[in-house]
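Q: Protein chains in written order, with our numbering: chain W, 1 to 525; chain X, 1001 to 1241.
Don't read these hints as lab results, they were simulated from the structure.
Do not take every clue at face value.
Under 8 angstroms between C-beta atoms, here's a sample of chain X residues computed to sit facing chain W [unchecked claim]:
| hint | residue |
| --- | --- |
| 1 | PRO1065 |
| 2 | ASN1113 |
| 3 | VAL1162 |
| 4 | ILE1163 |
| 5 | VAL1183 |
| 6 | ILE1225 |
Computed list of lysine to any residue pairs in SDA-like fashion (alpha-carbon distance at most 20 angstroms, straight line) [as the list claims (entries may be wrong)]:
| hint | chain 1 | residue 1 | chain 2 | residue 2 |
| --- | --- | --- | --- | --- |
| 7 | W | LYS329 | W | VAL371 |
| 8 | X | LYS1214 | W | VAL371 |
| 9 | W | LYS329 | X | GLY1066 |
| 10 | W | LYS448 | X | LYS1214 |
| 11 | X | LYS1214 | W | VAL480 |
| 12 | X | LYS1214 | W | PRO341 |
| 13 | W | LYS362 | X | VAL1029 |
| 14 | X | LYS1214 | X | SER1241 |
| 15 | X | LYS1214 | W | VAL418 |
| 16 | X | LYS1214 | W | GLN415 |
| 17 | W | LYS362 | X | GLY1066 |
| 18 | W | LYS362 | X | CYS1112 |
| 19 | W | LYS440 | W | ARG417 |
| 20 | W | LYS329 | X | ASP1056 |
| 21 | X | LYS1053 | X | VAL1098 |
| 22 | W | LYS329 | X | ALA1094 |
| 23 | W | LYS362 | X | LEU1108 |
| 24 | X | LYS1214 | W | SER411 |
| 25 | W | LYS359 | X | MET1063 |
| 26 | W | LYS329 | X | PRO1082 |
| 27 | X | LYS1214 | W | LYS359 |
| 28 | W | LYS329 | X | ASN1113 |
| 29 | X | LYS1214 | W | ARG389 |
| 30 | W | LYS359 | X | GLY1066 |
| 31 | W | LYS329 | X | LYS1053 |
| 32 | W | LYS329 | X | GLY1054 |
| 33 | X | LYS1053 | X | PRO1082 |
| 34 | W | LYS359 | X | VAL1029 |
| 35 | W | LYS448 | X | GLY1066 |
| 36 | W | LYS329 | X | ASP1018 |
| 37 | X | LYS1074 | X | VAL1098 |
| 38 | W | LYS329 | X | MET1063 |
| 39 | X | LYS1214 | W | ARG252 |
| 40 | X | LYS1214 | W | ASP402 |
Everything numeric in this text was worked out from a predicted model, so none of it was measured.
Glycine included, each C-beta is placed from N, C-alpha and C at the ideal position.
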Amino acid sequence: MAAVARSSRGLPIAGYLALLVALALAAAFVAVMAIVLWLPPRPPDVMRADIVAEHFQAGYDHMRIHGRFIDDRAMSWRVQAEPPGQMHLPQMHPTQHRLAARLNLNPRQVRIAAAQIQRSDVFVFRVREAEEMSRDTRREVERLRTEGRGVIIERAPEANPEIERALEEHGIAVRALPPPAPVPPAVGEASGGVPTPPTPPVPPAARVPMFAPAPPGVVLISGFEIGAQLPDGRWLVMRQGRNWAELSWIGRATLVIGGTLLVLSLLAMWFARRLTRPIRNFADAVQAVGVDPQSEPVREEGPRELRGAARAVNTMQARLRALIADRTKTLAAVAHDMRTPLMRLRLTAENAAPEQREKMAKEIEEVEALVASFIAFARDDPAEEARVRLDLTSLLQSIADDHAEAGRNVSFAGQERVIITGQSLGLKRLFSNLVDNALKYGASSRIKLRREESAVVVDVEDDGPGIPSEQRESVFEPFVRLNEEGTRGAGLGLAAARSIARAHGGDIVILDGEKGALMRVTLPA
Amino acid sequence: MALMADTPQPPRVLIVDDDAAIRDGLVDVFTRAGFAAAAAGDVAGMERHLASKGADLIVLDLMMPGEDGLSACKRLSGKGRPPIIMLSALGDDADRIVGLEIGADDYLAKPCNPRELVARARAVLRRARDNEGATAPGESVRFAGFRLDIPRRELIDPDDVVIPLSAGEFRLLRAFVERPQRVLSREQLLDYAFDNDADVFDRAVDVQVSRLRKKLERPGGIEIIRTVRGEGYLFAVKPTS
């Protein structure tokens, strides 16, 4: 029952919008959930301090051997006179001391600073990406090996077995690292450049799980800076660079968000169409009603507000139709009541003496012309007649010919076949009115037609006294006549002519003619 | 007046109008012009008269109490009815077109010149009499890609462009399409296409024909109105309705 009621009345626009917003929120929620559930967690840019130290060792060795920085996109390297800022980081002491020992340096010659230090047992994020940094180390170690320097990599108990295997393939010895001691190890415990025979590979450790905490005792750092003094007294400093592993994560997250946005925008488009189609239809239907009150009623569809508007328009259309019917009936009655006595008079005149008959006939004709112009003006509805493509040249020529046939001096000049779109009866009335008007004030009328770029221009000129410029607007008002005495007509001809011209998208203006007035009609071509 | 000499019986005209003065006046006018005129006050009276005495022509008022002229005309159309001239207080072009489209043979607005009414009555009777090939009222006629819309008095060319015609051109073209593929002399054309009392000369026919030809002229098209030397003109194509 509720569904029936809703479908008959439609959802209000606010309802549609609320639905869209709700759908957008739901989509956003789904996207967020997808990121949380489907994407692995954002890789941290924390790294294991021991591996970072190893990495630094490789870079330091490289610097000492080759005199230039190691090729490394993960870290930024520089040499400076001043030591990097030392921080008091008790957690870092083991690493610092071990690194100093490996580099054959005094612990004071090694500095480690970090923005964040976390104990691995608190920081439960996977560290695989951080470990992958050691690949760079591996590459460097291999280079050292090919240069004839024996290398031993100390394997952390939990190190990635894949790396281990890869190292072994290259003949690099791997041996287990003793568990980190709480105190700095003794000097000379380990140092680069001491060849040691390869030890048999230890059985591969279990694969590091994604969310496994780093092994206990390992310190995780980020935003770090490691420096060690070079033999010349300057400092080699390595700073953590951009976290490149993050990029693929950003890429995947972008994909999820982009996909959601795409779905959302398609949804929004569909909604917009669904919402605007009835509005467009409504506009078209209202337009049709405006042009032709007899047209189909507007369909009541779409949002509730629109249905209400459609109903209002339909009511208005019905009233309009009734009004038009009323007007037609009234006009017919007026025409009948005025013309019947005129016809009687005309028949009576037939019995009069010939010269009296002509005089009476002329009077009756004048009254009839008045009645005709009243009725024509009152029923004037320029929108009623259909528009067709018509030859304006032939139309103007036929008006001139009809007048010429009746013995009046009306001429036409213009190019052949000027085709415009318009109402044939309406345009005929327009130009007939202008010519009639010209003949009212002068003895002759000349019609000239020419085509301009986007318009056709028709000049109707007379040889009368002309129209003073201050009256050139007012003569187009209904019931305005130029000179009151001796003129016939109700003063409606020009008003009707202008309303027809304007209904065609054109206009009429009055200019000075060669002798009398010049009415210039411009119509869109 | 040639028409009157041809027919031993005067043509019977029935005037239908609710206004008694107009009725009597028109009966007078038609009687003086040599018709046998009768009158009826409404559509029912008209039907009684048609059933009992018949008529050759009806002059029908449009607005009458009871059934109006339009619906009577519509109802009578198509069953061998006498030709109808509508005489109406509604004189607009639009009203005239409606009247002609509904099947009236001619349409005149009140107040009209009684002599013009008589002239039109004769023209309608003549058209009804030699109705071989005559166009039925309210229709349009096609020829050579053109269409002549008789109620609207318009020519529509092969490109669907309306070519307005002057009254003289329309009457002339109508005379031609009603008598196609026949040589028509200037006198005949004058008779068919111009009011009897209009003082027009043969020369006027030539002028109208040349204007009409111009409007019917199309590049590559055939010559629709041919000149037959010393005899007159010939409408060279067969029109279809």
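Q: Confirm or reject each hint.
A: Evaluation of the provided hints:
Evaluation of the PRO1065 of chain X hint against chain W yields a violated restraint, the C-beta minimum of about 11 angstroms exceeding 8 angstroms. With its C-beta approaching chain W no nearer than about 7 angstroms, ASN1113 of chain X sits inside the 8 angstroms limit, and its interface hint holds. Satisfaction of the interface hint for VAL1162 of chain X is found here, the shortest Cβ-Cβ separation to chain W being roughly 4 angstroms, below the 8 angstroms cut-off. Using the Cβ-Cβ criterion of 8 angstroms, the hint placing ILE1163 of chain X at the interface with chain W is satisfied: the shortest such distance is roughly 5 angstroms.
For VAL1183 of chain X, the interface hint is violated, since its Cβ never comes within 8 angstroms of a Cβ in chain W; the closest pair sits about 25 angstroms apart. Among the interface hints, the one on ILE1225 of chain X is violated; its C-beta lies about 16 angstroms from the nearest C-beta in chain W, farther than the 8 angstroms criterion. A C-alpha spacing of about 16 angstroms is found between LYS329 of chain W and VAL371 of chain W, which places the hinted pair at or below 20 angstroms, so the restraint holds. Distance restraint check for LYS1214 of chain X and VAL371 of chain W: the Cα-Cα separation of roughly 37 angstroms exceeds the 20 angstroms cut-off, and the hinted pair is therefore not satisfied.
Distance check on the hinted pair: LYS329 of chain W and GLY1066 of chain X sit about 15 angstroms apart at the alpha-carbon level, within 20 angstroms; holds. Distance hint between LYS448 of chain W and LYS1214 of chain X is fulfilled; the C-alpha atoms sit about 19 angstroms from each other, no more than 20 angstroms. Between LYS1214 of chain X and VAL480 of chain W the CA atoms are separated by roughly 40 angstroms; this puts the pair beyond 20 angstroms, and the hint is violated. About 44 angstroms separates the Cα atoms of LYS1214 of chain X and PRO341 of chain W, which puts this hinted pair outside 20 angstroms; it is violated.
With a C-alpha separation of about 19 angstroms, the suggested pairing of LYS362 of chain W with VAL1029 of chain X holds against the 20 angstroms cut-off. Between LYS1214 of chain X and SER1241 of chain X the alpha-carbon distance is near 23 angstroms, which puts this suggested pair outside the 20 angstroms criterion. Taken as a hint, the LYS1214 of chain X and VAL418 of chain W pair is honoured in the structure, with Cα atoms around 14 angstroms apart against an allowance of 20 angstroms. Taking the CA atoms of LYS1214 of chain X and GLN415 of chain W, the gap is about 13 angstroms. The hint holds against a cut of 20 angstroms.
For the proposed pair LYS362 of chain W and GLY1066 of chain X, the alpha carbon gap of about 34 angstroms is over 20 angstroms, so the pair is violated. Straight-line distance between C-alpha atoms of LYS362 of chain W and CYS1112 of chain X comes to about 12 angstroms, which keeps the hinted pair within the 20 angstroms bound. A hinted pair counts as satisfied when its Cα atoms are at most 20 angstroms apart, and LYS440 of chain W with ARG417 of chain W does not qualify at roughly 29 angstroms. Of the pairs offered as hints, the one joining LYS329 of chain W and ASP1056 of chain X is violated, with about 32 angstroms between alpha carbons and a cut-off of 20 angstroms exceeded.
Taking the CA atoms of LYS1053 of chain X and VAL1098 of chain X, the gap is about 29 angstroms. The hint is violated against a cut of 20 angstroms. At roughly 15 angstroms between alpha-carbon atoms, LYS329 of chain W and ALA1094 of chain X fall within 20 angstroms of each other, so this suggested pair holds. For the suggested pair LYS362 of chain W and LEU1108 of chain X, the alpha carbons sit about 18 angstroms apart, so the restraint of at most 20 angstroms is met. At most 20 angstroms may separate the alpha-carbon atoms for a hinted pair to count; LYS1214 of chain X and SER411 of chain W meet this at roughly 17 angstroms.
Pair hint LYS359 of chain W plus MET1063 of chain X does not hold up; C-alpha atoms about 29 angstroms apart against a cutoff of 20 angstroms. For the suggested pair LYS329 of chain W and PRO1082 of chain X, the alpha carbons sit about 29 angstroms apart, so the restraint of at most 20 angstroms is broken. With a CA separation close to 40 angstroms, the supplied pair LYS1214 of chain X and LYS359 of chain W exceeds the 20 angstroms bound. For the hint pairing LYS329 of chain W with ASN1113 of chain X, the CA-to-CA distance comes to about 26 angstroms; that exceeds 20 angstroms, so the pair is violated.
Of the pairs offered as hints, the one joining LYS1214 of chain X and ARG389 of chain W holds, with about 19 angstroms between alpha carbons and a cut-off of 20 angstroms not exceeded. Under the criterion of a C-alpha separation no larger than 20 angstroms, the hint pairing LYS359 of chain W with GLY1066 of chain X is inconsistent with the structure, at around 36 angstroms. The suggested pairing of LYS329 of chain W with LYS1053 of chain X is violated, with an alpha-carbon distance near 35 angstroms, which exceeds 20 angstroms. Taking the CA atoms of LYS329 of chain W and GLY1054 of chain X, the gap is near 33 angstroms; set against the 20 angstroms cutoff, the hint is violated.
With a CA separation close to 12 angstroms, the supplied pair LYS1053 of chain X and PRO1082 of chain X stays within the 20 angstroms bound. For the hint pairing LYS359 of chain W with VAL1029 of chain X, the CA-to-CA distance comes to about 19 angstroms; that is within 20 angstroms, so the pair holds. A hinted pair counts as satisfied when its Cα atoms are at most 20 angstroms apart, and LYS448 of chain W with GLY1066 of chain X does not qualify at roughly 50 angstroms. Distance restraint check for LYS329 of chain W and ASP1018 of chain X: the Cα-Cα separation of roughly 18 angstroms lies within the 20 angstroms cut-off, and the hinted pair is therefore satisfied.
For the hint linking LYS1074 of chain X to VAL1098 of chain X, the alpha-carbon distance of about 11 angstroms falls within 20 angstroms, and the restraint holds. Taken as a hint, the LYS329 of chain W and MET1063 of chain X pair is honoured in the structure, with Cα atoms around 11 angstroms apart against an allowance of 20 angstroms. A C-alpha spacing of about 77 angstroms is found between LYS1214 of chain X and ARG252 of chain W, which places the hinted pair above 20 angstroms, so the restraint is violated. As the CA atoms of LYS1214 of chain X and ASP402 of chain W are separated by approximately 17 angstroms, the hinted pair is consistent with the 20 angstroms bound.
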